[in-house]
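Using the sequences plus the hints, can you model the full thing?
Residue numbers (the numbering used here), protein chains in the order written: chain S, 1 to 266; chain L, 1 to 281; chain Y, 1 to 254.
Hints are supplied without guarantee of correctness; some may be wrong.
Below 25 Å or equal to it, Euclidean Cα-Cα: the simulated DMTMM-like pairs (lysine to aspartate or glutamate) are [unchecked claim]: (1) K93(S) with E77(L); (2) K237(L) with D204(Y); (3) K132(S) with D259(L); (4) K93(S) with E272(L); (5) K93(S) with D72(S); (6) K93(S) with E144(L); (7) K142(Y) with E79(S).
Simulated from the structure, these hints should not be mistaken for laboratory data.
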Amino acid sequence: MSTLEISHLRMEYVDAYTDETVTAVGDVSFTIEEGEFVAVLGPSGCGKTTILNIVAGFQKQTSGTVRVGGKDVTGPSPERGVVFQSFALFPWKTVLGNVVFGLRMRGVPRRDREPIAQRYLELVGLDGFERKFPHELSGGMQQRLGVARVLANEPAVMLMDEPFASVDAQTRRKLQEDLTAIFEANHPTVFFVTHDIEEAVFLADRVVVLSTRPSRVKEVVTVPLERPRHWRDALESSDYRRTVTYITDMLAGDESRAIPADLDTT
Amino acid sequence: MPGLTSTEDALSSGIRPSRRGRNLSRRLGAAFWFAVPFVALAITWAVVVEVTGVEARTFPQITDVVRAFGEMWTSGEYLRHTGASLRRVVLGALIGILTAVPFGILLGSSRWASVFFAPLLRFSVALAGIAWIPLATLWLGFGERAVIFIVWNATFFALTYNAMLGVQRIPTQLLQAARSMGTSRPRMFVEVMLPGALPSIVTGLRVGLGYGWRGLVAAEIIATSAGLGYSIFLAQKFFRTDIIIVGMITIGLLWLVTDRALLAPLERRTVERWGMKAVIS
Amino acid sequence: MVRTFGPFVPVVLVWWVIAEAEVFPPDLFVGPGTVLAEFRELIAKGILPAYLSDSFTRLWTGVLFGLLIGIPAGFIVAMSRWARRLTWPLLLFFQAIADIAWLPIVIVWFGFSLTAVTFVIVYTIVFPLMISIVSGVEEVPKDLVQAARSLGAGRFRVFTDVIVPGALPAVATGIRTGLGYGWRALIAAEIIVGTSGIGFMMFDARRAGVVTGVFVGMIVLGILWYALDALILAPFERGTIERWGMVRTAEVGR
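Next comes the structure, spelled out in structure tokens:
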């Protein structure tokens with residue numbers, strides 16, 4: 001029902017400086033089944049964030065289709081909730097207010113809003129912080145809030161755009177474990193963009209590996225790890241290491257041809 | 001606030017009173033230190049006038065000023081003029097806010113509208129306030145309406161421009177987040193753009209009111225027969241420097257109160273409380 | 001260039017249409033053509049240039065003195081903790097007294113003269129400038145000062161090499177604010193006091209019921225200040241901030 005189908009997606013745009021047509025996304029096709037966690041991985045500039053923006057409805061593709069539950073994507077919707085790398089929390093709303101926001105927009109009855117929001121705050125471990133403002137929280141907590149805000153809308157697909165890139169390494173590990181735990185408990189459908197191979201393999205059921213621009217799907221790798229997953233076990237698992245190495249080698253050839261970081265327009 | 005750092009050292013140390021008590025004593029301490037320079041100024045004033053024996057016509061003694069104030073107060077003149085000025089400022093500013101904020105946010109929400117209107121707005125801000133006085137008196141005649149127009153004019157353009165800038169400065173991802181949570185276009189204005197642009201709006205209000213007050217005084221000198229500007233100009237004709245000084249102090253106090261007791265707390269309760277970057281004006 | 005002036009073209013067009021359609025009575029509202037014609041005439045007769053130069057001279061005299069007084073005074077106050085404590089409330093208060101409000105008493109002292117006008121303009125510049133400098137110096141990150149100190153800089157070098165550059169954006173902002181108040185005060189002073197200058201010209205036209213003269217004056221003023229602000233002041237302010245990569249205070253619509 002909430003399957004995400006991407007079919008021959010292509011995205012071209014005209015570079016503002018050179019007036020050339022740039023193809024960010026060449027020909028990308030893959031499917032995410034309901035309840036699956038799929039990581040989309042690729043070198044810098046390969047257009048993975050562009051794909052996410054198209055799926056989210058923030059951008060329109062040049063050609064190709066994106067379907068959720070059989071219906072074409074025409075614009076942003078709570079069905080495809082987005083967790084941003086920059087958190088994108090409303091600074092003027094409290095923690096609770098941020099989570100309640102989506103519920104309000106969808107017209108959820110007033111008396112139901114707080115209990116629902118409360119439940120998701122507990123899920124991400126932010127209970128007790130309802131009255132705080134986002135700027136009073138640490139980076140990790142802010143991202144948890146971002147996740148809670150999206151989950152509260154019970155979206156068909158959760159789109160996550162390198163959500164842990166803005167936090168420090170230790171916090172990142174913790175957030176990855178927490179995300180996995182939440183996923184394993186609730187099984188939302190997740191589309192997770194990242195450039196971090198180890199993160200992708202740890203979190204996902206399958207990893208879509210993209211080539212450099214103009215991007216296409218190099219391969220979809222199934223991750224042979226059992227759930228529930230923990231970092232301690234993963235780091236010692238040979239399956240894990242093998243998968244990571246495999247993907248690393250796959251990308252290594254491309255890295256040398258990858259676009260330099262300062263031209264990154266993912 | 002620069003210079004008014006910890007005042008705890010000015011207070012006697014020893015027993016730690018309750019939180020409430022400490023807060024109170026800190027605020028009293030701050031108030032005390034705020035008042036000291038004025039006391040010093042007043043003393044210097046009194047002494048200098050005495051010592052130099054300057055004419056009252058040129059520079060009044062502090063007692064003359066106090067007396068003049070007393071006279072104006074009992075005759076009701078003081079309240080009449082102050083009230084007139086205040087009324088005009090409040091009206092002009094209120095209409096300014098009510099017209100400018102929605103308009104500015106609307107402009108900011110549309111890419112082409114903001115690009116189109118930005119230079120024109122900037123030009124209008126450049127001109128806002130006093131430069132409109134001749135035109136205002138031509139269109140609206142001398143009197144109340146012209147003065148209120150000037151105040152409105154000053155606040156309107158500054159607010160519109162800043163509100164527009166403020167909306168433009170809202171991070172795109174914040175707008176995207178709101179859209180992806182199903183916010184309809186109309187609701188975006190109130191739920192996201194208005195709070196998001198608030199820091200800039202407050203700045204615009206500060207700038208606009210700053211020009212507005214100055215415009216008010218100038219307009220009152222030129223265009224009316226009541227109000228603080230008018231009263232100090234009238235006093236000048238009779239060389240009543242004591243009345244002039246009463247007027248000047250009143251004007252200063254009114255703006256100070258507006259800024260510190262109205263605008264600063266407004267900023268504190270919103271922009272600072274939300275941790276948004278306060279724009280330095 | 002096109003981007004800056006382009007948007008004014010439709011505005012001028014709309015203006016022209018409104019004037020032609022006589023939406024407002026023609027003695028209260030004139031079109032761009034009339035304004036342009038009057039503008040040309042005033043230039044040909046030498047009136048506009050003369051008034052402009054009068055206004056300018058007054059403004060720049062005031063600005064010069066304002067800078068000469070304000071910048072040193074600002075830094076002196078900023079560097080001394082006691083001076084700051086003593087003067088900050090006074091600065092705030094005097095800044096709060098609208099500069100125009102000084103006109104009457106200044107007229108009592110100096111009569112309807114150039115000195116009076118200059119005094120007011122100096123006043124409008126000095127206080128915003130000093131306030132800006134004092135808070136600017138306050139905001140120079142303490143660790144920069146400490147770093148300089150630990151590298152062997154004495155008090156003087158710290159001042160010239162850390163404080164002054166660090167407070168430069170504040171100086172720029174202060175000048176910009178001060179000038180914004182300054183020219184407005186000048187116009188008001190010219191209307192009230194003067195016998196020449198743009199402000200006087202506008203008010204004179206108003207007195208004669210000739211709205212065109214008022215329009216010309218306003219547009220000339222607007223263009224001049226806009227040009228000054230957009231081409232010199234704002235870039236200077238931005239430049240001082242960006243050059244040292246400091247946190248950008250967002251552009252304030254002034």
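| request: Below or equal to 25 Å on CA atoms is what counts here, so check K93(S) against E144(L). | output: Violated, at about 42 Å.
| For the pair supplied as a hint, K142(Y) and E79(S), is the alpha-carbon distance within the 25 Å limit? | Not satisfied, since the Cα-Cα distance of roughly 49 Å exceeds 25 Å.
| request: For the pair supplied as a hint, K93(S) and D72(S), confirm whether the alpha-carbon distance does not exceed 25 Å. | output: 33 Å, violated
| Keeping to a limit of 25 Å between CA atoms, is the pair of K132(S) and D259(L) held or broken? | 28 Å, violated
| message | Next pair to validate is K93(S) with E272(L); report whether the Cα-Cα distance is within 25 Å. | response | 13 Å, holds
| query | Does D204(Y) lie within 25 Å of K237(L) when you go C-alpha to C-alpha? | reply | Since the Cα atoms of K237(L) and D204(Y) sit roughly 21 Å apart, the hinted pair holds (cutoff 25 Å).
| query | If you draw a straight line from the CA of K93(S) to the CA of E77(L), is it 25 Å or shorter? | reply | Status violated; Cα separation ~48 Å.
Hints 1, 3, 5, 6 and 7 from the list above are not met by this structure, while the remaining hints are.
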